[in-house]
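Student: Residue numbers (our numbering), protein chains in the order written: chain A, 1 to 371; chain B, 1 to 258.
None of these hints come from the bench; they were simulated from the model.
Taking beta-carbon pairs under 8 Å as the criterion, some of the chain A residues facing chain B (in silico): (1) 24; (2) 27; (3) 56; (4) 57; (5) 62; (6) 65; (7) 84; (8) 337.
Simulated restraints on C-beta separations: (9) 80(B) <-> 240(A): 40 to 46 Å; (10) 270(A) <-> 140(B): 53 to 59 Å; (11) 243(A) <-> 235(B): 43 to 49 Å; (12) 118(B) <-> 109(A): 24 to 30 Å; (13) 58(B) <-> 46(A): 50 to 56 Å; (14) 10(A) <-> 145(B): 48 to 54 Å; (15) 68(A) <-> 140(B): 18 to 24 Å; (16) 204(B) <-> 129(A): 44 to 50 Å; (17) 53(A) <-> 58(B): 34 to 40 Å; (18) 204(B) <-> 243(A): 29 to 35 Å.
In this text, all values refer to a predicted model and were calculated from it rather than measured experimentally.
Idealized CB from N, CA, C, for every residue including glycine.
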Amino acid sequence: MPSSLALDGGGDDWHLRIAGDWSARALAEVQIRLGDLPPSLAGTLTCDWSAAESPGIGPAWALLMRLEAIGGGRVRIQHVSPPRHVVFLEALRDRARTGIPADDAGPNGALARLGRWVLSRGDEAREFASFVGRIVAVLVRAVRRPRSWRLPSLTRHVHETGVTAIPIVCLIAFLISVIVAYLGSQQLRLFGAEIFVVDLIAIAVLREMGVLLTAIIVAGRSGSAFAAEIGAMQLNEEIDALRAMGMDPVELLVVPRILALTIALPLLTVIADATGLLGGGLLAHYQAHISWPQFADRLRAAIAPTTFWAGLIKAPVFAVLIAVVGTYRGMRVRESPRELGRQTTIAVVQSIFFVILADALFAVLFVRLGF
Amino acid sequence: MFDAAETVIRVRGLVNRFAGQVVHDGLEMEVGAREIFGIVGGSGTGKSVLLRTILGLHPPTAGRVELYGREVGAMSRAERSDVVQRFGVTFQNGALIGSLTVAENVQLPLREYRRLARAALDEQSRLCLAMAGLPPDAAGKYPSQLSGGMTKRAALARALALEPELLFLDEPTAGLDPISAAAFDELLLYLHSQLDLTVVMITHDLDTLFRTCGRVGVILDGKMASGTLDRIVENPHPWIQAYFHGPRARASREGRNG
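So that you can see chain B by itself, here it is in the shape it has in the complex:
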């Protein structure tokens, strides 16, 4: 499915334990350049912990996590700052800074990593808002004034600010109405095709999964079963069968095939 030479993320033998509870137990995961990889799993299977581990926000109990061939936990400050500029993240609830406007939120990473004049910052934030499909008048709004869908888009705009090669999305369509969610899917596909992005997303939204993801990784009993959607769907594990063949899944698959 992907060229091993272009592996962007490599997770080997990841173990995460919290107070005696094992969340990940020898989890393996690989994501190649320019693919859209979906992570699914039941509640409490450690999807967000996995994401936080890959981002280097959570030191794992054991195992190795590499981004662009460099181990996440063992990077120097300079390496870390270099890698951080190569990925963008959106968090589940947007995680926009409440005291800054949408435009200022988008400018935040630019202010940190680029030395730009005020007008240039405004210009770049207009670009990011437009890329995320936000109207120009959203720039001056505060996060508390945004609807759920706009918050997700504003978070995406901020994630795109440094022109990442790799995008992490934590439940990008959760809490959106089906029309907004579908619009977000199309936006993501469009950006993916235009910007050569690699996308890793956690999602529960079957429509999103079938519409956008090339490969899927399912977290089961602390390990990951990954493969193309067509192959994963045939996996006999009871959870996968229940997930992909339940009443809600049927419509999504038909939507994809039709």
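Only chain A is shown next, with the shape it has when bound in the complex:
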């Protein structure tokens, strides 16, 4: 039988008949019935539970709360054959009544929010500077103390960030240079200058695309892994445990990752350059009908002595950016798993942003230097 509530009486003598299904599962229905009660009452209210079927705690609680809101202290409530837990709930009510204190987060105007944002940025900048400082300190110390190089850890990270990334880096470099070569040859054909597609591929791949694509892939793969690994260790109090044992997490966890990526990223870039040239060459051969000797000649003419190095020299810089951002974000994880996800996301977004920013700066610098 559906739940029902019937209120009779008048003046200051009221009678509430509780009937039907008042079990926990009928809670939503009970809430609707409770909403039908008048907004205020005074006098004596008798609650008759005798027709209620398997009354649950939640519905009974909801009724008590509603009656309290209606009565506001002016109603004396009596229960007739109430379920056993009504007494229990009335005891609990006094504990739960003390309201939740208002959240005191200070003023909340636009200016206040701006101020808090500026302060938090300032804190973060200071924290980041001290993080970089600690890395430099560890590196300086490591020059005098070879044990600080942590070779096993270093090789593991070179393997994880470098060797295992080779297939995906090759695939992407190959495909992107095929696309660029295809588009280039289509345009150059209009001028009858299809042979220059070789120049296009050589310069685009070696100067820019090889290193930039590799850095972006590595930022997504390893930058996020760094943040997540170190962040999970933070959550598990492993970092605190290391500190308590007198070990420096920057030396143990951060520096090996930075060095490993500084080694791996240039090597990956060389591989990306090679597969990029191969992909472009294949397309030039089959689509633009440039023979292999022609391709080789043109390639030699197109590449200045600096072209290859202009790309490669950027790789270690990108590597340091990605690794520092990733490990820093990992170290910043505090308290909750949600923070871990957030910081990992920030690690990837920021490291890709910094890589592209640095690439733009390099471009300006190289133009100035005539490199």
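Dock chain B against the given chain A, drawing on the hints supplied.
Tutor: Just chain B now, with coordinates in the frame of chain A:
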């Protein structure tokens, strides 16, 4: 000890094997309505696996597990949803959702199974927090801001949200100081007496065991020896003797008798 007609959990011939290692080998277990049943056993004897099997989180290698007379592995979606609402679980480390406040954690099952307005949800979560003995200001806190004892209580509050008839507790007092653990025991006994709960708990805490449990099941060599505490204590098996008559057990038993 209990009426067979009111059997809530029945485990028959349970076998669990992991990569050649036999954890349960023909385990039998029965729990009647409104009793507090304690599961004990050494580390690695499969207490948590047993719990996970009963909950239907782990399909057993062989054997039959029934909740309220229905086989756990063979339930339809509707039956499963019905049975799930009849039990509440607390996990060893609380398993509160880290991105939700304590109140939101408690409201989670209510949101799933009841259609309630915001104010009603708040009202119900206040009830559950009060039942679990948490102060009202705990509602807005995140799990990472809670102490160990409060985490256990918050997990209990969430387990109570749907008004279960059956409560599973995995090491409810592990990691608590003796005073908090004793307070948790009293809370459990109080709730048990008020709400007609059936409680199944895994525990290593001898004080809890002697204070709260009517019957105990000991997992030994993949099987279960169960009975009232007084009878189990007399069991000659060396592990049981070492467990209940070791230096740490004596004080707990005296505490119970005194």
